[in-house]
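A.B. asks: Each chain is listed here by its residues.
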Amino acid sequence: MPDDHAIQTQALNRIYKIRGGKKNEPKELIALRDVHIEVPRGELFGLLGPNGAGKTTLIKILTTLLAPSSGRALVAGFDVTTQAYEIRPRINMVSGGESSGYGLLTVRENLWMFSQFYGIPSKEANRRIKELLRVVGLDDRMNTKSSELSTGLRQKMNIVRGFMTNPEVLFLDEPTLGLDVGAARDVRGFIQNWVKQQSGHTILLTTHHMIEADELCDRVAIINQGRILACDSPSSLKRMLQREAIFRLRVDSINSAEPNNFEKIGGVRHFTYRPGEGHATLEFILEEEDVLTEVVNQLASHNIHLQSLEKREPSLEDVFIQLVGRSMEEVEREGTS
Amino acid sequence: MKEPVEVSRPYSAKLFLQTVIARAYPRVIGAQRERSWMFFDVFLPFLSVSAYVFVYRAIGAPETYIGFVVMGGAMIAFWMNILWGMSSQLYWEKEQGNLALYIMAPNSMMAILLGMALGGMVATTLRALVIILVGSLAFNVQFALVSFWALLGTFLLTMVALYGMGMMFSSIFLMLNREAWHLANLAQEPIFLFSGFYFPIKSLGFWIAAGASIIPLSVGMDAMRQLVFPDGPTFGFLDVRIELAILVILSIGFILGARYLLAAMERLAIREGRLTESRR
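Chains A and B, in that order, give the protein sequences.
Going by my numbering, 164 is the number at position 164 of the first sequence; the sequence numbering is gapless.
Going by my numbering, 177 is the number at position 177 of the second sequence; the sequence numbering is gapless.
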């Protein structure tokens, strides 16, 4: 494989053996199926999929923490199975909601500790820690015990831990998980700037937030049930839906049985119903705009009062729906039920 | 399943040392910030020591026994540290999310374990010294030190063997996941008995004492008691030189065992996906 790629996988599979089959016999759970991805150096690559889609499994394999069942994966040109010790100095990882480090140590001490595991001289480590904490706006908490930090501030500390070693390839596994809007925006801004400033450094970001993938990533792979369903730039992915018309309708509250009727209208590719306080939002992906007439007629025949109607541009959520047949929310709900 | 291939890690001695110091840091510095250790690690063990002292004095046991009890009370701190601060530690590190970061970093896991051991040893020595000091003053313990250097050497050798055992256990406990809790609980009380924390192990009879010698604290403490107390040699199980030889063998065995098990654990965990916390 050419080494201008930061990450490459070929026919990668991972099967977990779990208990819970008949008579508690081990059964197989396929976490990754035949995954092929190629990420050139310097790219911010997104892996978008619902919880349980296989994103974290793929990251674990690429960070040498999990062996693939079959297939091959290269990171920075080295094989994850046979050359793990060549890969490790070149990578780092930050996971959302992680509670790494020790609560009794201060932010600076925790970061210093992790820097030592990468052989960074103390003086240089302290310089980088100070600088990065300033960039993420955590410099005033440098001497605060990490147990006293809020979730958002703790995640900023984790972000600094990941970037501090200046890795060739950085894995961000749901880095904004559990963060409030402001903190998530800060983290996204920091990631975006870092990639711009560090030419040749690569980020693989997993997320189930469409906006995050759309806003940050050069290219996005959509993954569901361990399979990569599509991989392209966010704009190219959205262009897949250019022929479809997407409408959002706000209507008075409706009977919960009524939405079933809309699915049956010819030309409705997908329909989503979201009840709200005193109203409901209906989203339609239609094969063509003309189908809207029939939708509006159906509303009128059911005495449903239309409050507003909006035609909107396709989003990655729509791409996901197009590929999977359900929204990510629906897939996650099914997964937990 | 693709088997991870063992490839020698490109470690440097400098990185190894940096890792040891960094991992020891939270234990040496961080642990002192939690002031509750004065109560849990000094005051509570001191109560147990006091109870035995009062019993021995009530039944007219030799005065040397009082010193034995105080030393035993101090050494218990090390056993507790081995059980809860070493053996169970990798499991907790996993649940906290640190283990994956340790393994993913380009360092040696042996350096991480050694750092944990050294940090635990330093922090626990402080607690043990406080118990010895308070116990000696409170109960007027008489010492007859044969040689300071011999005592220090015996203590350090005991620590190497003991923490080597802890390093080995930490890999085993990690593979047992939550069962590690039960194993640690199970190992607590019997070791109190077989290590002779509150009495000379000679009292257990030769074969039981010989079996108990697999625990570094049993032989180490017996040797130290012989070197420190006036009637120590009278109550000693074996000659100090034999006990030192046993400690050397145990140290080598446990450290090699720790190295082997750690590598085996890492391979198994990477194959089965057990390196990350349960929720991920």
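These aren't lab readings, by the way, just hints derived from the structure by calculation.
As the structure is a prediction and not an experimental result, all values here were calculated from the model.
C-beta: ideal position from N, C-alpha, C; glycine also.
Keep in mind that a hint or two might mislead.
[Stated by the list, open to error] The calculated lysine to aspartate or glutamate pairs, modelled on EDC-like cross-linking and capped at a C-alpha distance of 16 Å, are:
id, chain 1, residue 1, chain 2, residue 2
1, A, 311, A, 288
2, A, 17, A, 4
3, A, 17, B, 34
4, A, 311, A, 330
5, A, 311, A, 329
6, A, 238, A, 252
7, A, 145, B, 272
8, A, 27, B, 34
9, A, 264, A, 283
[As the list claims (entries may be wrong)] These stretches of chain A come out as covered by chain B in the derived footprint (C-beta under 8 Å, 3 or more residues):
id, segment
10, 59–66
11, 83–92
12, 102–112
13, 116–130
[To be verified] Simulated restraints on C-beta separations:
id, chain 1, residue 1, chain 2, residue 2, range
14, A, 10, B, 44, 52 to 60 Å
15, A, 239, B, 176, 49 to 57 Å
16, A, 333, B, 189, 31 to 39 Å
17, A, 137, B, 151, 51 to 59 Å
18, A, 311, B, 176, 57 to 65 Å
A.B. asks: Compare the structure with each hint and give your call.
C.D. replies: Here's how the hints hold up against the structure:
1. Restraint check for residue 311 of chain A and residue 288 of chain A: the C-alpha separation of about 12 Å stays at or below 16 Å, so the hint holds.
2. For the proposed pair residue 17 of chain A and residue 4 of chain A, the alpha carbon gap of about 35 Å is over 16 Å, so the pair is violated.
3. Between the alpha carbons of residue 17 of chain A and residue 34 of chain B the distance comes to roughly 42 Å, so the proposed pair goes past 16 Å and is violated.
4. For the hint linking residue 311 of chain A to residue 330 of chain A, the alpha-carbon distance of about 23 Å lies beyond 16 Å, and the restraint is violated.
5. The suggested pairing of residue 311 of chain A with residue 329 of chain A is violated, with an alpha-carbon distance near 22 Å, which exceeds 16 Å.
6. At most 16 Å may separate the alpha-carbon atoms for a hinted pair to count; residue 238 of chain A and residue 252 of chain A exceed this at roughly 30 Å.
7. Between residue 145 of chain A and residue 272 of chain B the CA atoms are separated by roughly 35 Å; this puts the pair beyond 16 Å, and the hint is violated.
8. Only pairs whose Cα atoms come within 16 Å are accepted, and residue 27 of chain A paired with residue 34 of chain B is rejected, the gap being roughly 46 Å.
9. A hinted pair counts as satisfied when its Cα atoms are at most 16 Å apart, and residue 264 of chain A with residue 283 of chain A qualifies at roughly 14 Å.
10. With 5 residues having a beta carbon nearer than 8 Å to a beta carbon of chain B, the segment 59–66 of chain A meets the requirement of three or more and the stated coverage holds.
11. Residues of the segment 83–92 of chain A lying with their CB closer than 8 Å to a CB of chain B number 8, which satisfies the three-residue condition for coverage.
12. For a cut-off of 8 Å, the count of residues in the segment 102–112 of chain A with a CB near a CB of chain B stands at 5, and the three-residue condition holds.
13. Residues of the segment 116–130 of chain A with a Cβ under 8 Å from some Cβ of chain B number 4, which satisfies the need for three, so the listed coverage holds.
14. For the pair residue 10 of chain A and residue 44 of chain B, the supplied restraint of 52 to 60 Å holds, since their beta-carbon distance comes to about 59 Å.
15. Distance hint for residue 239 of chain A and residue 176 of chain B: a CB-CB separation of about 53 Å, consistent with the stated range 49 to 57 Å.
16. At about 49 Å, the CB distance of residue 333 of chain A to residue 189 of chain B disagrees with the hint of 31 to 39 Å.
17. Our hint of 51 to 59 Å for residue 137 of chain A and residue 151 of chain B holds, since their Cβ atoms are close to 54 Å apart.
18. For residue 311 of chain A and residue 176 of chain B, the hinted distance range of 57 to 65 Å is satisfied, since their beta carbons lie about 59 Å from each other.
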